[in-house]
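Trainee: One-letter residues, chain by chain:
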Amino acid sequence: MASGCSKNVESSCPQLLNLIPQGREWHHVKREDERKDGSSVEKKLELRLGPPGEDNSEGDDESLLSLGYFSSSSMGSVLSTPWGKNHHQQQTKTCSFLQFPSTTAPPHSLPVMAKESSQPCCNKAVDLQDAERKAFNLPANTAVPLNTSQKRTAPGPVVGWPPIRSIRKNLATSSKLASDAPGVDTPSEKPAAEPNGKGLFVKINMDGVPIGRKVDLKAYDSYEKLSTAVDELFRGLLAAQRDSSAGEIVNKEDGEKAITGVLDGSGEYTLVYEDNEGDSILVGDVPWHMFVSTVKRLRALKSSELSALRLGSSKQGKMKT
Amino acid sequence: MFWGSRKTINMNYFPDEVLEHVFDFITSHKDRNSVSLVCKSWYKIEKYSRQRVFLGNCYSISPERLIARFPGLKSLTLKGKPHFADFNLVPDDWGGFLYPWIKAMGKSRIGLEELKLKRMVVSDESLELLSKSFPNFKSLVLVSCEGFTTDGLAAIAANCRFLRELDLQENEVEDHRGHWLSCFPESCTSLVSLNFACLKGEINLASLERLVTRSPNLKSLRLNRAVPFDTLQRLLIRAPQLVDLGTGSYVNDPSSEAYKKFKAAIQSCNSIRSLSGFLEVAPRCMSAIYPICENLTFLNLSYAAGLQSNELTKLIQHCRKLQRLWILDCIGDKGLGVVASACKELQELRVFPSDPFDAGNAAVTEEGLVLVSAGCPKLNSLLYFCQRMTNAALITVAKNCTNFIRFRLCILDPIKPDPVTNQPLDEGFGAIVRSCKGLKRLSLSGLLTDQVFYYIGMYAKKLEMLSIAFAGDSDKGMLYVLNGCKKLRKLEIRDCPFGDAALLEDMGKYETMRSLWMSTCEVTLGACKMLAKKMPNLNIEIINENEQTESNLDDNQKVDKMYLYRTLVGHREDAPEFVWLL
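In order, the protein sequences belong to chains A and B.
Quick note on the numbering used here: the first sequence kicks off at 9 and runs consecutively.
Quick note on the numbering used here: the second sequence kicks off at -9 and runs consecutively.
Please keep in mind that the hints were generated in silico from the structure rather than gathered at the bench.
The structure presented is a predicted model; accordingly, all values stated were derived computationally and were not measured.
Some clues are possibly wrong.
To be verified - Derived coverage of chain A by chain B (criterion: at least 3 residues anywhere in the stretch with Cβ under 8 angstroms from a Cβ of chain B; other residues may be distant): (1) 167 to 175; (2) 212 to 221; (3) 234 to 242.
Positions of the beta carbon are idealized from the N, C-alpha and C atoms, including for glycine.
Could you build all of it, start to finish, from the sequences and the hints given here?
Mentor: Quick look at the structure:
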């Protein structure tokens, strides 16, 4: 089904995965230039075990690499090896959100090669290209968790996948905070104790801006970085809001000013968060890791209106050490 | 009396009251809709006698028209946001506001008694207005709603003198902890159902106890996490007649007095048929529940992340009459085997992921599902999150259970093929639709080509709702479905290669459906515009969260999110800036 990748495909994924069986490492290489040539004809590649030249029957999809990596299950990324110059022609676009563990099986036992499937892939075979196309339909900054026989760190979840409500997303984390014995506070277990790669996305809204954002708290390790992120996320939206409410055409550069002072009350907005007990708390009171383990959502409120709200004090008593 | 003919009796010669009485027995919405189409006189009688109305899309009609159409309205169900809003695909302020409905009904002579809302934006203002506008108001059920705080609940508690039901399911409520429970006056003794499990904040426990004590008709009580174990025990003593119980925090020390008292209390609650909650749970305390397990028909442990598989199976083994089970995947395949052998009456199974973002770790696979299908012949409704699925398993499930009405399968890795054969899962799902002739709702996942849609179009003749993600190869897939599924009402699609040709092939089809959602597909702005132009009875909405303005996009550009629905009232007035109505 060579219905052709759309234009978007070619522009959105500049990186290729390139298996280079040198030593014991798999390298991840950017190949922007090679994209342009030769990808028109054969977009389907199969990754096979076996010496070069072996008869590869059509649609023989059982030949999984012991890497546990198979093209169809990997959102369209294609492994190719530069065995020879002609193979360069077969490199296709992939999205680079796959990460390989540094070694899996000893490479020397896997004469991996990319095979140009000159015969049409059997209908039953997984259509790599379509898997690719699906990959490209993802927003560029998201990725799909891989399912392979090895543990692999997924770079991050796809928006809205899996299809469960937010309430169910952090169940595993919050259950660790509950204890078996009554009345005894368990030591706060950092969600960071879980394998990396699970984003902790919380909603963040800013007063006066109708569109909220989501921020991955795992991407930061301090309040300062979070504060910078808030500025980046909302600066443009805030300026656009001001433009539309003012009813004038304001020069974009004039209208955008940095959002600062969100942590200390000195700015126009102050960051507040809602914790797992429903309390609203000023961001910055508790150690960062504790914040991350109890935060449920964030808000940037107008500093001038803070006093009108009921805020829970940072609860010294509930600090778990 | 002059009969119309010798053989038939002309019902129009009956007085209206008789017809009305006959219509009272017709309760299904569809049937009542049909009745109103028979003739003018039936239309009129049905119109004035209709008390219950269901609006699957609040934007399909306006409040004013609804009130004019059914002046006798007493019970209204409204749904707002599209289903994918549950998964954060729809921005918060998209719409679905309750206020205009309350305002309009409040001004009219409608004597509203029951309101059930799903995915609506409910403000405190609207709750307050509701509580003051309808003196006979009895029942408020809010599912997946947002926009209100406990202040709104306080207004309901304080003003609805005959309130029987306050049921809050999975809403986002801002908790001001302002003692809303204390706002139920001492004179309020009519409560039958109280569910506040989704509230996050603390509540006044003494008020709660007093409320339960003075509510002899209370049948359903679902507590939130802030209600501790010993309060639960005291509540059970006050309300042994409960039929449906949701525990709050279920954490205690088995050697404590409170625990012993709890065990005694729960033994006298022999009416409990439905058990949920366990929002915090101590595994060692679960044995206290065993005495009531044998009568349970519904068990929801899907929030009890602290329970391991062996604790779960020990409990479930006692639940021989279970009809509906909601559980986390930590039960594992073996645990599902225990379910299969113990719960022969099981009709509905939902297995949720305990660790949604770690696809490789999900503890259930196709084996668990096969076991349940083999052991539970009455199974008709499934929601199953798993790590992997095979065609062979699905084919076996299809043979074992032909009664599926709802079949929703979510393989956590969205385009994973059959791991044994590396084939797409077309054949497996094909077997399901071929075998389950009554299938009304289907959600697909895994690696899928156009072939699966061919099967769906061919066999799923009763299908009403279909959810598709990361599937298909071409427009043909979507077309198979649109052409074949005659009863289709809701179609929601994300990340599929379906484009303009599929969208525009049969534009009239959408008037037979409630709604269509397409996000991250291949549909262009130009096609949406054309559809909007040709079909005035459809609202086509483009949700655009980027900062581009409408004029920046050209017609060839793909739309990120499109939501279309049939409507009698044209464009809605309350759309936010990022929603373009074409």
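Trainee: Now tell me if each hint is right for this structure.
Mentor: Consistency of the hints with the structure:
no., hint, verdict
1, 167 to 175, "holds (count 9)"
2, 212 to 221, "holds (count 4)"
3, 234 to 242, "violated (count 0)"
Hint 3 from the earlier list is the only one contradicted by this structure; the remaining hints agree with it.
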